[in-house]
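Trainee: In the order they appear, the protein sequences are chains A and B. Residues 0 to 332 in numbering that gives the first Met the number 0 are what the first sequence spells out, letter by letter. Residues 0 to 332 in numbering that gives the first Met the number 0 are what the second sequence spells out, letter by letter.
Hints in this document: simulated from the structure, not taken from any laboratory. Hints may be right or wrong, so weigh each one.
Since the list gives no way to pick one copy over another, a pair counts as held whenever it fits inside one copy or between any two copies.
[To be verified] Here are the simulated DSSO-like pairs of lysine-lysine, each with C-alpha atoms no more than 27 angstroms apart in a straight line: (1) Lys199 - Lys53; (2) Lys281 - Lys199; (3) Lys164 - Lys66; (4) Lys48 - Lys94; (5) Lys66 - Lys218.
Okay, here's what each chain looks like letter by letter:
2 protein chains.
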Amino acid sequence: MLESRRRRSNTRSRSGVRGLKARCRFCGREASYHLDHARMSLCSECFIKYYERKVYKTIQKHGMLRKARRVAVAVSGGKDSVALVKVLHELVREKFQEVELVAIHVDLGIPGYSEECRRVVEKVCGDLGLELHVHDLKKAEGYGIPDFMNTPFRRRICGACGTVKRYHTNRMAYQLEADRLATGHNLDDTVEILFELYLKGAVEEIVRMRPVSWSSHPKLVTRIKPLIELTDRENFFYVLAQDLPMLEARCPLVGESRMLRRKKLIEEIEGRIPGFRHTFYKTHLKRFLPRLEKTVEEPRLAECEVCGMPSLGRVCSYCKLTSKLRRAEISRT
Amino acid sequence: MLESRRRRSNTRSRSGVRGLKARCRFCGREASYHLDHARMSLCSECFIKYYERKVYKTIQKHGMLRKARRVAVAVSGGKDSVALVKVLHELVREKFQEVELVAIHVDLGIPGYSEECRRVVEKVCGDLGLELHVHDLKKAEGYGIPDFMNTPFRRRICGACGTVKRYHTNRMAYQLEADRLATGHNLDDTVEILFELYLKGAVEEIVRMRPVSWSSHPKLVTRIKPLIELTDRENFFYVLAQDLPMLEARCPLVGESRMLRRKKLIEEIEGRIPGFRHTFYKTHLKRFLPRLEKTVEEPRLAECEVCGMPSLGRVCSYCKLTSKLRRAEISRT
């Protein structure tokens, strides 16, 4: 089934290259991919080189792998995380031989969806020969994300899921003694969220959207976002060009309206201001972040009284969240 | 001719009130104006009260007229400045009796346009019984704005005109011994410019977009923007509701493409995020401005070696600008 999703055959129609005359900017052969923001067409081989160089530059610019020994890569099965694990695997082989990669995956327990995520992740990691650690929420914790539908988090299910994933990926990385946790956040997501945060003036949250969040607690693993300067499309093209499997299904719990509205707005602005996402992100990074950082105090982390993991308050947000889950269960029985 | 432009008769079609059933939110009579952002319809009388109260609140919030004695109002003849001079006249009569108003106008020497501007300004100020001072560029300085078309400023003519107007309104206000200079900048303009400045990360310029720029030099008059929280539409409605004359012609020199693109973009965003302009401005004012201000050093002003007015460098930007004008003339003769 995964094999059938490999799609070198229909690359062209999804690649943005119209007609057959576009030539690769680098080698002059027939192009397979077109990058609007860079006004550039590339063949499959040159695109892979371009992409991997770009990720390498992002990593170097922010010192993401400086003195790193063991990097846990969070792989959900979506295009971004599949691209991430592949590109890191390539870069480690070529440029960071001292680094060891471990893949981690949180099985969210969403029927008909999580099984497919897991199959993709297992296939990708298997093909790359990567050690894979899966945390199965249902088995290990006794709940799955759909159980939040019976709590006040029903309408903020993506937020709750985010808290769960952040908590468990960090805990897994910590338990695996990793000194980095890499996630697949891309430019599009980042700009969509940043735009909203700037509009709200949520300065504390803006500051937290850094490409690297250095550890500020022994149990908090440094988080890195090597794809933060790569677009949705670039990650998608990389998965196509590398002929990797990737999740096609969408999460059945996602209330898409708000996310979609946000996405469409940014697309519209990009239509009027070509390169908007890149400009916005670059300005944020160079002009605002350094100034805003100075005005925000780094929060001091303690250990959660319930689970012992890092926490801002006495009880961490994950334990607060899951306590509501338990309360909902009690009231139902 | 101006009389013919008075348009109580066709208020409805321009007022955003569709059909005849909309009722005034305050008094229940038939509404004449609809304010999208506030989801509110108002009759003419209540709109005037609402508008004047809102300007009063802006003035009070920022202490714009605290200890003011003599306020120079820059009147170009456009809807914003006509609304400004009228509302200030009303507020001075009711709330700030200790304040004296003087109107100032810079005649830009643009054939077929500046004459009409001047007629509107003279009519408005005449009707209000206001002292009006006109600085006629052609007569007093020997040039008009169109002369910049023969200089490198051709493509930035609006920028050059802005420098000229800023310089002469300040000099006039200073010579008239005014302690405030009021201008008609509205919310729409402000948000359009701020959006661009945020995207560029032009922090120094963002900080300069304050509602009040307190004087930092004896020859620099404190500038206030009493309409900064009022929209384009609100100012337009106020002019209609008060039955004032207003300039209809557009400046023939304005290359409209960029300004229009900017305007359309903000309108589109407002379509997707209702209240965008108000939210954006409020967030800027409350969340970013106070933080950004701290990171920017207030520039020290000296006196221009040529004209003696306040300047950042040895020669002020106005004198630099007009020297280019002279150079262009010399090379043409």
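Trainee: Hints first: check each against the structure and report whether it holds.
Mentor: Hint check:
1. Taking CA atoms no more than 27 angstroms apart as the test, Lys199 paired with Lys53 passes between copies only; the shortest distance there is 23 angstroms, against 31 angstroms inside one copy.
2. In this assembly of identical chains, Lys281 and Lys199 lie within 27 angstroms of each other by CA distance both inside one copy and across copies; the values are 20 angstroms within and 9 angstroms between.
3. In this assembly of identical chains, Lys164 and Lys66 lie within 27 angstroms of each other by CA distance solely inside one copy; the values are 26 angstroms within and 58 angstroms between copies.
4. Taking CA atoms no more than 27 angstroms apart as the test, Lys48 paired with Lys94 passes inside one copy only; the shortest distance there is 14 angstroms, against 70 angstroms between copies.
5. In this homomeric assembly, Lys66 and Lys218 come within 27 angstroms of each other (Cα to Cα) only inside a single copy, at 18 angstroms, whereas the closest approach across copies is 58 angstroms.
Consistency with the previously given hints is maintained throughout, with no hint failing.
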